[in-house]
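All chains should be built: construct the whole structure from the sequences, respecting the hints.
Everything in the sequence shown is counted per the working numbering, starting at 50 for the first residue and increasing by one.
Hints in this document: simulated from the structure, not taken from any laboratory.
Idealized CB from N, CA, C, for every residue including glycine.
Just to be clear, a hint being listed does not mean it is correct.
[Said to hold, decoys possible] SDA-like mimics (lysine to any residue), calculated; alpha carbons at most 20 Å apart, straight line:
1. K88 to H67
2. K132 to L115
3. K77 to Y151
4. K88 to R75
5. K121 to R55
6. K56 to K148
7. K149 to E108
8. K141 to P82
9. K148 to G159
10. K53 to G167
11. K148 to A78
12. K132 to Q122
13. K141 to A78
14. K149 to R86
15. K132 to G167
16. K140 to G159
17. K53 to K121
18. K121 to T153
19. K140 to Y151
20. K88 to K56
21. K175 to R55
22. K88 to L115
23. K77 to T153
24. K141 to R76
25. K173 to K56
[Claimed, not checked] Label pairs and their computed distance ranges (CB to CB):
26. H59 to S160: 32 to 42 Å
27. S96 to S155: 17 to 27 Å
28. Y177 to K141: 44 to 54 Å
29. K149 to S60: 44 to 54 Å
30. S81 to P170: 34 to 44 Å
31. K173 to S60: 20 to 30 Å
32. K149 to K53: 32 to 42 Å
33. D182 to S160: 53 to 63 Å
34. H59 to E85: 32 to 42 Å
35. I178 to V69: 39 to 49 Å
36. W150 to P170: 12 to 22 Å
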Amino acid sequence: MATKHRKGSHSVFSVRLHFVFVTHYRRKAITSPMLERIKEMFAQVCSTMDCELLECSGEADHVHLLVDFHPKQSISAVAGCLKSATSRMLKKEFPDEVKKWYRTQSFWSGSYYVASTGGAPIEKLKEYIKNQDQPRD
50 MATKHRKGSH SVFSVRLHFV FVTHYRRKAI TSPMLERIKE MFAQVCSTMD CELLECSGEA
110 DHVHLLVDFH PKQSISAVAG CLKSATSRML KKEFPDEVKK WYRTQSFWSG SYYVASTGGA
170 PIEKLKEYIK NQDQPRD
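As structure tokens, this is what we get:
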């Protein structure tokens with residue numbers, strides 16, 4: 050995937066984040082139709098937050114997302130919106146499947162994993178920064 054830079058009013062950026070959301074108690078509650086709907090919802094939520102869902106997949110107890118992130122948002126706000134919107138939608142659109150596992154708890158675990166991705170390796174960045182021309186007095 051070629052690096053795509055986006056522009057804001059005062060910035061140029063390329064921020065890619067890898068999120069992992071786990072079901073509450075890591076129960077194997079996600080079915081194939083639910084996963085397809087989750088992907089659609091993630092894409093919609095990302096769009097409303099000026100982000101872009103680049104990739105999404107998962108298993109019965111967790112999902113992985115690759116998001117092209119807009120730095121005007123906070124990571125926690127994006128994660129919270131993604132989790133809350135899909136949790137509400139799943140309870141509404143798949144009530145029988147969700148009730149089998151959850152009565153009052155939220156669908157997703159309260160925590161999540163996120164890591165920045167892409168770009169040059171850390172060691173190369175450190176070397177590049179360290180080797181900048183220093184001002185000479």
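Among all the numbered hints in the text so far, which are the ones the structure does not match?
6, 15, 18, 20, 21, 25, 33, 35 and 36
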